[in-house]
Amino acid sequence: MTPDISRFAHRRLRHLRERFIEFLLFLAALSSVAITVAIVVILVRESLGFFEHVSLVDFLTDTQWTPLFDDAHYGIMPLVSGTLVTATVALSVAIPLGTIIAIYLSEFAPHRVREIIKPVLELLDGIPTVVYGFFALLFVTPLLQYFLPDLPGFNMLSAGLVMGVMIIPYVSSISEDAMRAVPMHIREGSYAMGATRFQTALRVVTPAAFSGIAAAYILGISRAIGETMVVAVAAGMQPNLTWNPMEPAATITTYIVQVSLGDLPHGSLGYQTIFAAGLVLLLMTLFFNIAGHLLRKRFREVY
Amino acid sequence: MAPDKGVQVMRAMIARRKRWDVIFAVVGLLSMLCGVVALVALIGSMAMEGVPRLSWDFFSSFPSRHADKAGILSAWVGTTLVMLVTALTAVPLGIAAGVYLEEYAAKNWITDLIEINVTNLAGVPSIIYGLLALGLFVYQLDLGQSIVAAGLTLAILILPVVIVATREAIRSIPGTIREGAFALGATKWQTVSQHVVPYSMAGILTGVIIGLSRAIGETAPIITIGALTYIAFLPDSPIKSEFPYVSFEWLSSAFTVMPIQMFNWVSRPQEAFHVNAAAAGLVLIVMTLLMNALAIFIRYHFRKRIKW
Chain A
1 MTPDISRFAH
11 RRLRHLRERF
21 IEFLLFLAAL
31 SSVAITVAIV
41 VILVRESLGF
51 FEHVSLVDFL
61 TDTQWTPLFD
71 DAHYGIMPLV
81 SGTLVTATVA
91 LSVAIPLGTI
101 IAIYLSEFAP
111 HRVREIIKPV
121 LELLDGIPTV
131 VYGFFALLFV
141 TPLLQYFLPD
151 LPGFNMLSAG
161 LVMGVMIIPY
171 VSSISEDAMR
181 AVPMHIREGS
191 YAMGATRFQT
201 ALRVVTPAAF
211 SGIAAAYILG
221 ISRAIGETMV
231 VAVAAGMQPN
241 LTWNPMEPAA
251 TITTYIVQVS
261 LGDLPHGSLG
271 YQTIFAAGLV
281 LLLMTLFFNI
291 AGHLLRKRFR
301 EVY
Chain B
1 MAPDKGVQVM
11 RAMIARRKRW
21 DVIFAVVGLL
31 SMLCGVVALV
41 ALIGSMAMEG
51 VPRLSWDFFS
61 SFPSRHADKA
71 GILSAWVGTT
81 LVMLVTALTA
91 VPLGIAAGVY
101 LEEYAAKNWI
111 TDLIEINVTN
121 LAGVPSIIYG
131 LLALGLFVYQ
141 LDLGQSIVAA
151 GLTLAILILP
161 VVIVATREAI
171 RSIPGTIREG
181 AFALGATKWQ
191 TVSQHVVPYS
201 MAGILTGVII
211 GLSRAIGETA
221 PIITIGALTY
231 IAFLPDSPIK
241 SEFPYVSFEW
251 LSSAFTVMPI
261 QMFNWVSRPQ
271 EAFHVNAAAA
281 GLVLIVMTLL
291 MNALAIFIRY
301 HFRKRIKW
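Taken in order, these protein sequences are the chains called A and B.
Residue numbers are given in the numbering used here: position 88 of the first sequence equals residue 88, and the series is strictly consecutive.
Residue numbers are given in the numbering used here: position 14 of the second sequence equals residue 14, and the series is strictly consecutive.
Just chain B, with the same shape it has in the complex (with noise of 0.2 Å):
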């Protein structure tokens, strides 16, 4: 007995209705397809530029007015200290911005204050940033245009995402560890400085890895403070031989970081300078691969040890 029209009908829209189903899986699979393609293409372009001219050279030497002798030297090393300055400034404030609002805030209108400001800190253009550092690092306190200055531009860049990964992480630690240590007799201090920090470490160190990996690539806010781009010296050593074997020269150094340097080479018009860019545009993405991947892994790494 054939099914009667009304069933016909029913059918026929159900099958219109399924297809949609299917069209839009497509089109989900080719938007997405759209996103990988064009990260193939920029990370393809710039290695089949940049690769021949990878060497020991292009690492060990100074920039020059020669494409083909310019090299990274003062650009990695400026970027090593001026991450260093970021990370001790930035990882220890942030942490503890994040624990007294996770830990200690009262709800109150400070706490509040303070939290939509910290969303607010998250969605201000780096280059303003810049302009902060310009107006107080760089003039208002006098720092000039110095690793220090940069350093703590990037710190101030890179706070908000540590405040709010360092928050995540602790509010995943159960309630009922802080209620066994205050049992014991432990202080709130003891508390959070013996436990629950020590815990929430794997998801506050992928945050701070993040954070780091993105000032490594922020140029703008650097530009700004007035970074210099033809650097053909390195900061003064920070390990001395004598007595008392650290020094802080280093701090006021003149300086370029390896975005920097990148950017130069682009606005260049000259062909050859453009390898050079993509072969230091390349080192900047590994860079900051691996720290992603570092980052991926910690987080992995412990979410599979760690049980409550």
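Just chain A, with the same shape it has in the complex (with noise of 0.2 Å):
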């Protein structure tokens, strides 16, 4: 009987421990969403230490944002409108060169073109954005200001440029896999009805694979609108509510950056002020992220 009874309480010790090592596996996948709870606890409390002192009407109304100095303007316009300008000039290179790159390597390249340059295009994702900066501060001002003599020296145009191409392969590389998965036979019904190689890329192919390309594109936003290095190096640390790409003007990241650099003592009013502009940060990104998950599910697509 007794040999029985061993494999009996092995099996059990077995058992018991497939279910906690199962459990460990589970809190490792649940950290993630501790890490977000954690996100939106901090950065909501920090913020609400704020909004003590500011008025919500005076954050989103005033037109100056001037926290550290002593006649403390809180308007986080300043800071917006920088930060939409640099995201459009971005997205105004990227979108239609990463568009026109995906048509161009999902349709028309040979499969020798496409294997050279998918991963150079993905070095452009890789390099740090730092360099970026250096970039766009050393190499493309001094060309943008060849043609402009009036630029100065720190502007959103270039940062937004040189933040455009980097976000290229972000854009290019997932339309384009949205592109390659519509079926074959789509591509061929349009052929045999006569139409060109243009004109099922435009007219069938983009269409179909609409709610992967408007994915991309929102992903294009959110990361422009996050992005810090560029435009804390190369757009200038004034905040000025400004719609002109020709000047330059702090962005909601480049001011994080600005605090972050100085030594505010923690628990400050200051000290705050990055929380809430984190918020705000927050909030603008996961609008996009939102949008573009109800535009995917609208137009998603069954073959």
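Calculated directly from the structure, the hints in this document are not laboratory data.
If you're wondering where the values come from, they're calculated on a predicted model, not measured in any experiment.
Where a beta carbon is used, it is the ideal one built from N, C-alpha and C, also for glycine.
It is possible that part of the hints are untrue.
As the list claims (entries may be wrong) - Cross-link-like lysine-lysine pairs, in silico, DSBU-like; alpha carbons within 35 Å at most: (1) B:107 to B:188; (2) A:297 to A:118; (3) B:18 to A:118; (4) A:297 to B:107; (5) B:18 to B:5.
What the hints assert, rightly or not - Stretches of chain A that chain B covers, calculated by requiring three or more beta carbons in the stretch to come under 8 Å of a beta carbon on chain B: (6) 104-115; (7) 126-139; (8) 150-160.
Claimed, not checked - For the chain A half of the interface with chain B, some residues (derived, Cβ under 7 Å), not all of them: (9) 21; (10) 34; (11) 38; (12) 198; (13) 200; (14) 228; (15) 229; (16) 253; (17) 268; (18) 278; (19) 280; (20) 284; (21) 289.
These two chains come separately, so use the hints to put the complex back together.
Next comes the structure, spelled out in structure tokens:
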């Protein structure tokens, strides 16, 4: 009888160990949720401290952002305008180029070209952003000044352009994946009707891959809004309520960097401002992510 | 016999439409050229300014007020130590989470929540992680502006990358492998730890390296936790000559990393420091390119060897 009992005990032990390991793995997976919760808790808690001193109306309507001056104003608008202008410049580079490259790689390029070009483009994404900042400030800005002599040394145009180049692989690789997921028979149907390659790409494949392409754009937008080092190096650090990309201006991210470089005491109002600014940034990216999610759901193609 | 008018019109239309094919192919090539030219200009301008500055002294000197004497010793040592903490945290955690989601997770709302959450985390701007780290690691957990705080920050930043890579690698293992193991009486964990994970190691490793190469270049979150830019000392050595031979003093040391050193030099007005910045940038680019090349090599090498 003994061997049976020990075998039973052995199995129970084995079962317990299995459950324990599963539980550990579950905790690891849950840690990602804990990170999200921690982000929200920290940002909201510090921002609440901030909004005890500054009214929400002032925060949203005041046109000056000078929290570290004696005459302190806490209007987020100048930082939001800087963020939106640099992001718009970046996207007006990244979206057209990224889309064209995606269509070309998916529908036109010979296999050889694609195998060579894709990794090269992906390198663009691998290069550290601070290096792009250097490139914008010390290469692109002087180059632009050659054509636009009035351009100041720090400006949103050059930062935005360089950021756009940086985001191209984001837009192109996700769009291309979406286009390649369109089944071949849909293209064949189009060719059978006498359509050319270009017509098929533009009127059949692109609409069919719309949800994926939209997702690529949205990711590009989030990336452009949250990008920090390029603007911190090349666009200047002065908050400036303007829609003109030829001027210097700070973005939300630049402001956070600027304050972090200084030495603000923990718990002060100045310290809390970066969390309030960060919360605005998070809400902006969240808005675009949700918009992208809804767009995908609405236009999801079922083949 | 000449073709009639309708056929001529048709042929003209076909020719016109085909011309658009050619035009678009040219536009596509030009667009890609834009990207490639930008990449070449970026690396070229960095190399032209930076290469003359690269010397043994540059790697073995501390930063200095004098641009020509300044070096990146504390920066690359800092980067190495921070990456060590990042890898040791993100890799086990990310693989465990990926294994759970792929092999264990039941189809329920908790799993959905985790999956949506991982996707969303990948879209959060890196500076937000910096704010999280500032509030949580630096002040709440009182780790201070230390190597361990920076390492943990970058670890949570690249966690989604590791999780997604692990899941994709595991998904490509055929179900027959698992069934074979189960048929021989292996438990789930034995199957996973002795078969599924080892077989998907190439994919996982690729993801880990890509994640780490991203972490090496991350600047914003490290600035946010308040890393210093002027560090003229090295952290305590992790290896000691006396028992117990290892020490963890370095974890709580102040530090600087490569991208921060570069940012510091770029933001100075003097031309001489820009040369240093270019040299530091070059080192950074080479580091990230080497890591990317390694990742591509591993992916390629293993794809050829393993056949199911």
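Here's how the hints hold up against the structure:
no.: 1; hint: B:107 to B:188; result: holds, 17 Å
no.: 2; hint: A:297 to A:118; result: holds, 28 Å
no.: 3; hint: B:18 to A:118; result: holds, 26 Å
no.: 4; hint: A:297 to B:107; result: holds, 20 Å
no.: 5; hint: B:18 to B:5; result: holds, 20 Å
no.: 6; hint: 104-115; result: holds (count 4)
no.: 7; hint: 126-139; result: holds (count 13)
no.: 8; hint: 150-160; result: violated (count 0)
no.: 9; hint: 21; result: holds, 5 Å
no.: 10; hint: 34; result: violated, 10 Å
no.: 11; hint: 38; result: holds, 6 Å
no.: 12; hint: 198; result: holds, 5 Å
no.: 13; hint: 200; result: violated, 10 Å
no.: 14; hint: 228; result: holds, 4 Å
no.: 15; hint: 229; result: holds, 5 Å
no.: 16; hint: 253; result: holds, 5 Å
no.: 17; hint: 268; result: violated, 12 Å
no.: 18; hint: 278; result: holds, 4 Å
no.: 19; hint: 280; result: violated, 11 Å
no.: 20; hint: 284; result: violated, 9 Å
no.: 21; hint: 289; result: holds, 5 Å
In this structure, the earlier hints numbered 8, 10, 13, 17, 19, 20 are contradicted, and the remaining ones agree with it.
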